[in-house]
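Visitor: What follows is each chain in one-letter form.
2 protein chains.
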Amino acid sequence: MRKIGIAEIEDIALGAALLGAGGGGDPYVGKLVAIGAVQQHGPVTLLEPDEVPDDALVVPIAMMGAPTILGEKAVGGGEYQTLYDAVSSFYGKPIYAFMPIEAGGVNSMLPIAAAARLGLPLVDVDGMGRAFPELQMVTFTIGGGSATPMALVDEKGNSCIFRTITNKWTEELARAVTMACGGSVSVSLYAMEGAFMKRYGVKGIVTRSQMLGSAIRKVKETSQGTPEEEFLRITEGFKLFRGKIGDVLREVRGGFNFGKVLLEGISEYKGRQAYVEFQNENLTVTVDGELLCTTPDLICLVDTETFTPVPTDALKYGKRVLVVGLKCFPLWRTKEGLDLVGPRYFGVDTDYIPLEERCKGGRG
Amino acid sequence: MRKIGIAEIEDIALGAALLGAGGGGDPYVGKLVAIGAVQQHGPVTLLEPDEVPDDALVVPIAMMGAPTILGEKAVGGGEYQTLYDAVSSFYGKPIYAFMPIEAGGVNSMLPIAAAARLGLPLVDVDGMGRAFPELQMVTFTIGGGSATPMALVDEKGNSCIFRTITNKWTEELARAVTMACGGSVSVSLYAMEGAFMKRYGVKGIVTRSQMLGSAIRKVKETSQGTPEEEFLRITEGFKLFRGKIGDVLREVRGGFNFGKVLLEGISEYKGRQAYVEFQNENLTVTVDGELLCTTPDLICLVDTETFTPVPTDALKYGKRVLVVGLKCFPLWRTKEGLDLVGPRYFGVDTDYIPLEERCKGGRG
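First to last, the sequence lines map onto chains A and B.
Position 96 of the first sequence, counting from 1, maps to 167 under our numbering, and the rest follow consecutively.
Position 359 of the second sequence, counting from 1, maps to 430 under our numbering, and the rest follow consecutively.
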């Protein structure tokens, strides 16, 4: 158990944005919401998963929708109370703690804001260890957990509670309502007991985000060699490409940001070309026609100088980025995991090959 | 209080299909569902509105979606129990009776099926006195009634409960889920107390449907002049056109059947042309370029020989139809009513002029 204040929030937002793998929303927007809540209500207690009783009700809080829209709509303070009421009245017991469902600039932050506003602790766990675009894409689905009853509220005061036969149906119905509500909403889903959370959750993710954020911030102070080498060391990242953004193809469709970013190689990559495809999060990196990394491994674009993560909705012509691959949570590499979030699910016609095997040839 | 058995269902389905004004679904499909339930569970008790206690919970049951799709999807028997449980647990008291929300081939029938299956009475009232395409279009909206909490279930077992800030938002969100569920679902909305139902409901609509259905069936026996004259007498209808269907333009879009049917005049209308525009229900009739009737008055197309109503999803090239206008429930002609269901709401750029005034020139 420890406290999360404004300094911690700054680091968590930065580190979680890296783990967002291009998605998870703008960490600046997320940070403002969390810091505002903490300034008003004081620091939030962060619990280790093992500090939560087995039968306690733990409830993820998140936003659902296209990251591009998140920044344009307000995140209301009253929405968390509505979510709390809907979930706790359904279960007939109080909520013990909130938790994030994914790592990402926004969804790592909103549970902190919710916890601060309602005076509840936050648990150091999530259901992805990164961000993914669809709501059935959590480790809890592999564990047989149900996304529903799921509560959804918008900033105007509309709400609904879903009960569905599969988590994929939850995605379909909630996505339809998200779009009807203007493209982004606050949700609570996968409410679970402590025991289940401990068994299937990605433990320590808030702390990992904070450590990464802190390390990125200090990369120039701590580096022995180049800052880039230091960045790769602290993130345990695989360098995939370095380039200047030559073009960004983007469309908001079905509540998602779809697109492709084209990169022209710089420095040791000069003359080479790469592209990264995304659906909210980055899905694939292809360098000179060769696939170097695919979902569920993390594909992260960061600024070549500051190593600040560049989310898919902030990609801009001319920006220089380093493309880095990070190994995903081991459960995603199982058959069940790949069925949910492997390349074929996203329409990429290739088998999943772990990042470290694809990169064996000494690439980068 | 009286009983509704199979003979009554046959007449109600026929009369309600006429009042459906082109919408409300296929009465054959609706009838099968109601008759099946009554065969299994026995006749349903029909209560007059004044027989319902003021504080009793009265709950409309309906299908939501495009009529074309209703006929292709099963209507599950278990859906009504799910709706009952969701609504009664929300209010913390049992449901006293079901009621229809609109007149129409399907939505006049499903509440009978629900009442039979759950052993509850049906109230002789609805919220339209006809059919309309969107769910905020009920007399209860004028009375300040809320569509929510609204329960929605599909035949697969997915469900949700909506709470919205306006009935128009209910329409937006529920329509989005309806489409995600495949285009048609069962819903319960505008749950209300007896007193409110008596004040704003269209009373006696089930009995009116039955009388109309019975009279249409016997039109050739009872007529003094031509059967058509008798049909117009019993329905108090205004004859607007008689013609052969020359073309049907139709599209299913946003969960609705939109379209336009072109008619070539026959017998005394020979050489003249008309068209009828619809959004599930018929919205306007234009004869030789002149608007003769608009929503909220009822525009009904019936077979020229049998006077069987022809819903918009059964319009076919070559069919001969009589186009008849019926006066709507008086509340629809108020400013509040016309804001909800007048021609301008549907994008028709004209003031509402009552049917009987538009037809004063001795037309028909």
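Don't take each hint at face value.
You can't tell identical chains apart in this list, so a pair holds if it fits in one copy or across any two.
Claimed, not checked - Taking lysine to any residue pairs in the SDA-like style, the calculated list, with each CA pair at most 25 Å apart, reads:
#1 K269 x V419
#2 K331 x I305
#3 K227 x D422
#4 K227 x A247
#5 K390 x P220
#6 K239 x G254
#7 K390 x A247
#8 K227 x G413
Calculated from the structure, these hints are not laboratory results.
Since we're looking at a predicted model, the values are computed, not measured.
Visitor: Now, for every hint given, state plainly whether the structure supports it.
Guide: Now the hints, each set against the structure:
no.	hint	verdict
1	K269 x V419	neither (32 Å within a copy, 59 Å between copies)
2	K331 x I305	neither (28 Å within a copy, 66 Å between copies)
3	K227 x D422	neither (43 Å within a copy, 32 Å between copies)
4	K227 x A247	both (17 Å within a copy, 17 Å between copies)
5	K390 x P220	neither (43 Å within a copy, 49 Å between copies)
6	K239 x G254	both (19 Å within a copy, 18 Å between copies)
7	K390 x A247	neither (34 Å within a copy, 38 Å between copies)
8	K227 x G413	neither (36 Å within a copy, 27 Å between copies)
Hints 1, 2, 3, 5, 7, 8 from the earlier list are contradicted by this structure; the remaining hints agree with it.
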